[in-house]
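Please build the complete structure, drawing on both the sequences and the hints.
One-letter residues, chain by chain:
There are 4 protein chains.
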Amino acid sequence: MKSYSRPVFFYETDKMSIVHNANYLRIFEEARLDHMRQSGMTYKELEDRGVLVPQIEAHVNYEQTLIYGDEFVVDIRLVEFNGVKFKYTYEIRKKDTNEITTTGYTCHCFLDEITRMPLSLKKKHPDVYEIMKNSMD
Amino acid sequence: MKSYSRPVFFYETDKMSIVHNANYLRIFEEARLDHMRQSGMTYKELEDRGVLVPQIEAHVNYEQTLIYGDEFVVDIRLVEFNGVKFKYTYEIRKKDTNEITTTGYTCHCFLDEITRMPLSLKKKHPDVYEIMKNSMD
Amino acid sequence: MKSYSRPVFFYETDKMSIVHNANYLRIFEEARLDHMRQSGMTYKELEDRGVLVPQIEAHVNYEQTLIYGDEFVVDIRLVEFNGVKFKYTYEIRKKDTNEITTTGYTCHCFLDEITRMPLSLKKKHPDVYEIMKNSMD
Amino acid sequence: MKSYSRPVFFYETDKMSIVHNANYLRIFEEARLDHMRQSGMTYKELEDRGVLVPQIEAHVNYEQTLIYGDEFVVDIRLVEFNGVKFKYTYEIRKKDTNEITTTGYTCHCFLDEITRMPLSLKKKHPDVYEIMKNSMD
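Protein chains in written order, with this note's numbering: chain A, 1100 to 1236; chain B, 1100 to 1236; chain C, 1100 to 1236; chain D, 1100 to 1236.
Heads up, a few of these hints could be off.
Derived DSSO-like pairs (lysine-lysine); straight-line CA-CA distance at most 27 Å [unchecked claim]:
1) C:K1194 to B:K1143
2) A:K1221 to A:K1232
3) A:K1101 to D:K1101
4) B:K1193 to D:K1101
Don't read these hints as lab results, they were simulated from the structure.
In structure tokens form, the structure reads like this:
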């Protein structure tokens, strides 16, 4: 699987001249949806089946700062998955120095779009269940 | 009608130490939906009736900068309205000095949420049509 | 101390029709800087003295969702403070139902703006140290 | 010069299920700084020389919507440049259909970082002046 990577955008910085703390949750999301896509199923396909994937928990450790001019790489792993809940871990590094800037994790569940109730992926969408299970680290 | 006003948020700044240029369109939106609410109809009520109000044009003149620590006031006017399209103008001022920092306008139309086609407010929602017409400057 | 409160902004929502997960870190920041201001010292004053206050850790539990049309209240507490590091906890509630939607915490340190090295507030800015200590819960 | 292109990010959408109107100014910025980089000078190098490039005017025409799942391409042209002010035009297209979704322009000037006064690029940074002039369309 190809690591997710891109340059810092200017508008992601704040007046401390660093990437604003909230943007790391956005970067986690970019990497996560890219990971799903590479695993064989886009988030859009999930939505088209009426499955929502809200975030239920998030944690970020800010170890070093990213600044404008940096390019970063995200190493992401699906570390827990039981068909109802799942957890990803993230490691963001500067592309040129390989220095870790940020680590964290996010937890998610599957919701039925209509009822907004938790949904068992194994029962309702066994093919997606297999794809997720196989993309576990 | 009460002017829309709030302090600059830290996360709205960029590494030039000013409010990032894209955030003014967000401030325009805050002021616009507040203006609708004060006119007697919330945007949420419009949505509940299946009416969407997308932006079709926007213009911003950046005259002075807003920085963290500033509080701003937005003067907004509904200057054109024909039941299909409408246009608001905006003037953002620093609250303490009354200095104009930003001016601009946005144009919008009404769409049917299902068909995503333009919608005549006068025919479909005459009460909203009256409210909008009465809130014109 | 007055609780921090405001309506959800339309642009804070995403296509799941809820406030996007990253925006809660922004709301935490709004509440935190408001808490500092009410304690007797604005973040801008800290910056003017060459003190930066980066975030070093963040955690969010998403329990219920905020949607457009909601107004929220943030209960924030400074629960740890030793002059070098400090920790705030947050509880976001819907204003009308008092239902908790989101909880979390953030940790911060003080940095010298020039050296970007940690700074002892007690030694360098004893008056700010006292203000922070007194605002602890 | 290679066109700027990327997928829509999930967090760029709003509850109308389209890319939020303010994000197009961010996309313009991404494309603009990429255009400068490809012309032979990064925005970071300009900053390192003490040159700021604020936006003084912006215009957006929203013709079609971008949604999550779309990939877009930005055609950008430097259409005016006199060493003091300059103007870029933008055309955003869906990558798969080539359909134009958004057009617009932005105007900018050069400021001295210290004095925050306009700056003549030709006098102060003739090499950058040449690079900009040569990248005009």
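Evaluated hints:
The straight-line distance between the Cα atoms of K1194 (chain C) and K1143 (chain B) is roughly 17 Å, inside the 27 Å bound, and the hint therefore holds. This hinted pair checks out: K1221 (chain A) and K1232 (chain A) have alpha carbons roughly 10 Å apart, not beyond 27 Å. As the CA atoms of K1101 (chain A) and K1101 (chain D) are separated by approximately 23 Å, the hinted pair is consistent with the 27 Å bound. Taking the CA atoms of K1193 (chain B) and K1101 (chain D), the gap is near 41 Å; set against the 27 Å cutoff, the hint is violated.
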